[in-house]
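Taken in order, these protein sequences are the chains called A and B. Count along the first sequence starting at 1, add 1446, and that's the number in the numbering used here. Count along the second sequence starting at 1, add 108, and that's the number in the numbering used here.
Worth flagging that the hints you see were computed from the coordinates, not collected in a lab. Remember, it's a predicted structure, so these values are computed and weren't measured experimentally. Warning: the hint list may mix true and false statements.
Said to hold, decoys possible - Mimicking BS3-like on lysine-lysine, the simulated pairs with C-alpha atoms at most 25 Å apart in a straight line are: (1) A/K1608 with B/K117; (2) A/K1608 with B/K179; (3) A/K1451 with B/K179; (4) A/K1696 with A/K1597; (5) A/K1597 with B/K117; (6) A/K1608 with A/K1451; (7) A/K1608 with A/K1597; (8) A/K1696 with A/K1849; (9) A/K2072 with A/K2021; (10) A/K1451 with A/K1597; (11) A/K2010 with A/K2072; (12) A/K1451 with A/K1696; (13) B/K179 with A/K1597; (14) B/K344 with B/K329; (15) A/K1611 with B/K291; (16) B/K291 with B/K281; (17) B/K344 with B/K272; (18) A/K2021 with A/K1986.
Claimed, not checked - If the Cβ cut is set under 7 Å, some of the chain A residues that face chain B in the computed set are: (19) C1491; (20) D1605; (21) L1616.
C-beta: ideal position from N, C-alpha, C; glycine also.
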Amino acid sequence: MVRIKALLDSLACVVALFSLAPVLTYLDRPLQLFALLALPVAFWCDRRKRYPLPPWLATLIAVAGIALYAVQITREDVATPVVHALVVLLSIRLLSPKQGRDYLQIFVLALFILAGSSLIHLEISFILYLVLLVFSVTLGLVILTVFVTDKQLVMPRRDLMKLIKVGLILPSFSLLLMMIFFVVLPRTRHPLWNFLNPTAQATAGLAETVQPGAFSQISAIKKLSFRAEGPELAPEDRYWRALVLNRSEKGRWIRIEPPPERLIRVAGPRSVIFAIYPEPRRDRYLVTLDRPTLVSGIRHYSTVDQMFTARSDLDHPLRFEVRASPGADLLVAADIDRNFYLQTPQQVSTRMRQIAAGITALSPNSEVRLTALADFFREQQLSYAQDDLSAGPDPIDDFLFGKKRGYCEFFASAYVTLARLSGIPARLVGGYYGGEYNSLGDYYLVGEETAHVWTEVLTTDNHWRRIDPSQWAVNVASTLGTRNLAKLSALQQLIDSLNYHWVQAVVIFDLARQMTIFLETGDRLRSLRSVEVSNDWWQKTSLLLGSLFLVWILIRRRKSPEAKLLERFRSRLVKRYGPEVIRPSSGLGEISEQLDNDACREFARIYYDAIFHDRSLTGRELASLKLLLKRL
Amino acid sequence: MSVSGVLGKWNLSRVEACYVPPDEIYDGLPTLLGIELVNRRRWLPIFLMEVVVGEQSVLFPLVDQQQRRRKNLEISLSGRGRQALPELTVRSRFPVDFFIRSQGLPVDREVTIFPTPQACPEFQQADPGGGQGTQQNLLKGYEGDISRIRDYQGGEPLKSIHWKLSARHDRLKVKELSAATRKPVVLDLATLPGVGIEQRLRHATYLVTRWLRDGWPVGLKAGRIELPPGLGHQHKLLLLQTLAHYGQD
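Given the sequences, and given the hints that come with them, work out the whole structure.
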């Protein structure tokens, strides 16, 4: 036997646990300890029916807690203090004596805390806690109803299990409805609380300048930059383009507005489509696969040198699509302002000028000069490194002729400088190189540590061509090359897949995607009407009819075994004696007396024995009746 | 909310209830009225169903599908003769205590209420038959005193076995009872003491129940109705029903 009050007390603790779990790490240390202690103490108090806090003291502490956290509310952060205050209220409520409405308060506070946790962070664990809380709170409400109906009720365990089983229908259907409403209900494009904590999540971002030699060593930030859903690419095609730098000023490469140029076409053999899911970031650069041809799904600006910037902040998770031709050249009109891309840095060493002069003298053809330039880089035996880097007044010269160590910025800066000195228009391109492919979800996981800079040169026949001088480093296989070898473990892939689908299906599901779904559904419906009758129409039709028949079987009113038996009994007798003898109005007993048949009489006896005792036929009785039917 | 609404509606569907009144209900005296709740559903049990009778209610926490459960409710009814029991309503908060759903159920509400038994001082000590007590009957019976103990022969009812004595012997012993009879008595309503017919009916009810309990065969003369003396529960009910309906037909 189970006391309903004891069960309700335990459920209240479970509900509190599920609501505290997602916010626990965000709480102040004292409150963390208080909330954690409150759970076992409340459980113990409920068992002993002795509570540490009398009602007046509980109210006093609750008011003090609210006041304490209310003063911490700022315009930037409302959610955290509110969640803290809610946790105080919940803990106090757990530690006080409880009656009907107190349990209701605990359930409501728990739901508020979970909702508040989504304002602090929105991770996939939210859905787990949501499901757990929906189940436990709904079950709690059902048990609370029993408690309200009879406060002293004690139920047999068997009855209680039946109640719980039926009670579980509630959360199951509620979750199903929630899923439907999630897709159907209209929503805003921007989360409502954005004005409260505008850029709390935006931390990562690309450097907008390139200045080799500014630091003697760099450290890679291990942080996700974006996910790109699409086919797996060859290692030489994994260049993710973000920004173009075209002017050197005071030892740094920066971007200024490029002169107008007319794009003719992207000269690539194939085209791929990637869906990009950037993490919240400070800047507005949209990362695309190099060479991008079209960006869609987001309002943006584009420039002649294929840079794409969003019209609004990227401080919330979102999605856009990129069509690209990996590794393709970009053909531009001949009237391009070549001089703009030939401006050299103010400070260039004599050695570099000599090298460039040598290359220029070889041929006016850009192909010959580019080959010579590549040969020069290879001959220099440069190493790709992130520490013990060149510095000083002319780090590029030191990189090429002194230490011969540097990372992508050194390679790209040196290359663009030498190319321009050699009369070849060139520019720097910043973005990412590499990425870990998750074959479970078919997407690339690109981290901030894979940020990379390469170059583009304009050939004599007006093609912008990508050249990555870092690939000529002597140790490229063990440094830059490892970015393509990095593989996630199966578990990492699984965890990241879950996170990815969470972001894709829930976090970025906004009005735009809703509209897309509705429009696509409309299109599909329209295309259904115009579909031609194919050869396998009869298969589809029979499948459809079969399904409908199955549904009809399932939903039709089921007859009881007794009614079915009686029906068979009547139809058999009608066949044998005719409808004038066996009239529809005749009762079973009347028929058996009228026919003077032992089998009929026995049938009526067994049947009436069950019916008159208001019970169903037992298995044995059913078997005997079926046997008697055969004898008839 | 909508799912709980549907579940709540299901909980009230295909529910039947009926009164199971006791054999004897006396005017103004509290009695235990049986209430039976029947679940005609095939899949779902009935949960947290309160059956409301007047201002009282009785809770059925769970009734399994295709099952029935009975509970009693203490109730007082007034006015002798054929009376209607209060209307029967079922209500439930299940599954969530946001709403209470209720519905009235059609039930057979008619019962016969007997007059309130009222002690009759004139007959308190008197021997109704004018005799001096019981007369010993030589015939064997099942109601009188133990006349002798003998061995079990195989045809006797189990209740006649003297278990305590049988335990001391190696064979079963049975009690042989004598049949007790008393001199029959006929109550004449017209001659009973009391102010007005109602008081006489109350006295008659008292005497019928008292004398039948003591083993007197009792008959009744009420106006044109004459019932011969008799014993047993059915006879008692017949007498009490006659008294209950007296003057109402």
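Hints and how they fare:
no.: 1; hint: A/K1608 with B/K117; verdict: holds (18 Å)
no.: 2; hint: A/K1608 with B/K179; verdict: holds (21 Å)
no.: 3; hint: A/K1451 with B/K179; verdict: holds (23 Å)
no.: 4; hint: A/K1696 with A/K1597; verdict: violated (81 Å)
no.: 5; hint: A/K1597 with B/K117; verdict: holds (24 Å)
no.: 6; hint: A/K1608 with A/K1451; verdict: holds (18 Å)
no.: 7; hint: A/K1608 with A/K1597; verdict: holds (19 Å)
no.: 8; hint: A/K1696 with A/K1849; verdict: holds (22 Å)
no.: 9; hint: A/K2072 with A/K2021; verdict: holds (17 Å)
no.: 10; hint: A/K1451 with A/K1597; verdict: holds (7 Å)
no.: 11; hint: A/K2010 with A/K2072; verdict: holds (11 Å)
no.: 12; hint: A/K1451 with A/K1696; verdict: violated (76 Å)
no.: 13; hint: B/K179 with A/K1597; verdict: holds (19 Å)
no.: 14; hint: B/K344 with B/K329; verdict: holds (14 Å)
no.: 15; hint: A/K1611 with B/K291; verdict: violated (65 Å)
no.: 16; hint: B/K291 with B/K281; verdict: violated (32 Å)
no.: 17; hint: B/K344 with B/K272; verdict: violated (34 Å)
no.: 18; hint: A/K2021 with A/K1986; verdict: violated (40 Å)
no.: 19; hint: C1491; verdict: violated (24 Å)
no.: 20; hint: D1605; verdict: holds (4 Å)
no.: 21; hint: L1616; verdict: holds (5 Å)
Of the numbered hints listed earlier, those contradicted by the structure are 4, 12, 15, 16, 17, 18 and 19.
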